[in-house]
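Chain residues, written in single-letter form:
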Amino acid sequence: AQSVTQLGSHVSVSEGALVLLRCNYSSSVPPYLFWYVQYPNQGLQLLLKYTSAATLVKGINGFEAEFKKSETSFHLTKPSAHMSDAAEYFCAVSERSGGYQKVTFGTGTKLQVIP
Amino acid sequence: SQTIHQWPATLVQPVGSPLSLECTVEGTSNPNLYWYRQAAGRGLQLLFYSVGIGQISSEVPQNLSASRPQDRQFILSSKKLLLSDSGFYLCAWSVKEAGASTGELFFGEGSRLTVL
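Just so you know, the protein sequences line up as chains A and B, in that order.
Those letters in the first sequence? Residues 943 to 1057, per the working numbering, in order.
Those letters in the second sequence? Residues 3 to 118, per the working numbering, in order.
Isolated chain A (complex conformation) (with noise of 0.2 Å):
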């Protein structure tokens, strides 16, 4: 069975500075892996994704992640924070099954960026 480990329920970064969010998971099969961002009272809107092709993913915003097998993550960084950035943070594995793409969560992360 698939799962996703996010550490750090809550992360604080000074405006300006990196941002560095940890994604693992654990899959059987070469997995599809994503990065969502929740606005607060809103709906999930798409990071990134990593679909097997380049391992370095470019995203929205400026943010983009590694996929690194050998060490099953999938993390998120930012080179400088923006107070925009300030929101929650999913990271998600997905493997077929059945007759869908099952999609399993990480509990997420809360960026605040300090002024």
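Worth double-checking, as some hints may not be accurate.
Below, simulated BS3-like cross-link-like pairs (lysine-lysine); rule was C-alpha separation at most 25 Å, straight line [stated by the list, open to error]: (1) K98(B) with K1044(A); (2) K1044(A) with K991(A); (3) K1044(A) with K1011(A); (4) K98(B) with K991(A); (5) K1044(A) with K1010(A); (6) K1010(A) with K1052(A).
Source of the hints: derived by calculation from the structure; they are not laboratory data.
Keep in mind that this is a model prediction, so the values were computed, not measured.
Please build the complex by placing chain B on the supplied structure of chain A, with the hints as guidance.
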């Protein structure tokens, strides 16, 4: 382009009352549809998914039910709400075709349910 809408956005209901949350998708056909519930600190819990009209699968036993009366309509219901049903409910859709689907989900705006 594809859009997904769910309503109502917020709902306050007494314990024991019925519930109906509705979700519709536009701009695509034959999608997979999902209902998730989000509780604080617990991430997203998949409640139901549907691969076609009238085809509903439940992931967890609970006080809720789902129906898909039309291809792009997904309804979450309850006959009698419990306090534990409070939460933020999210509808989502994904591409169905095996060769085209990565599992990427497209979410609605969410419905916040408070049961008092």
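Hints, one by one, checked against the model:
no.: 1; hint: K98(B) with K1044(A); verdict: holds, 11 Å
no.: 2; hint: K1044(A) with K991(A); verdict: holds, 15 Å
no.: 3; hint: K1044(A) with K1011(A); verdict: holds, 20 Å
no.: 4; hint: K98(B) with K991(A); verdict: holds, 17 Å
no.: 5; hint: K1044(A) with K1010(A); verdict: holds, 21 Å
no.: 6; hint: K1010(A) with K1052(A); verdict: holds, 23 Å
The structure shown violates none of the earlier numbered hints.
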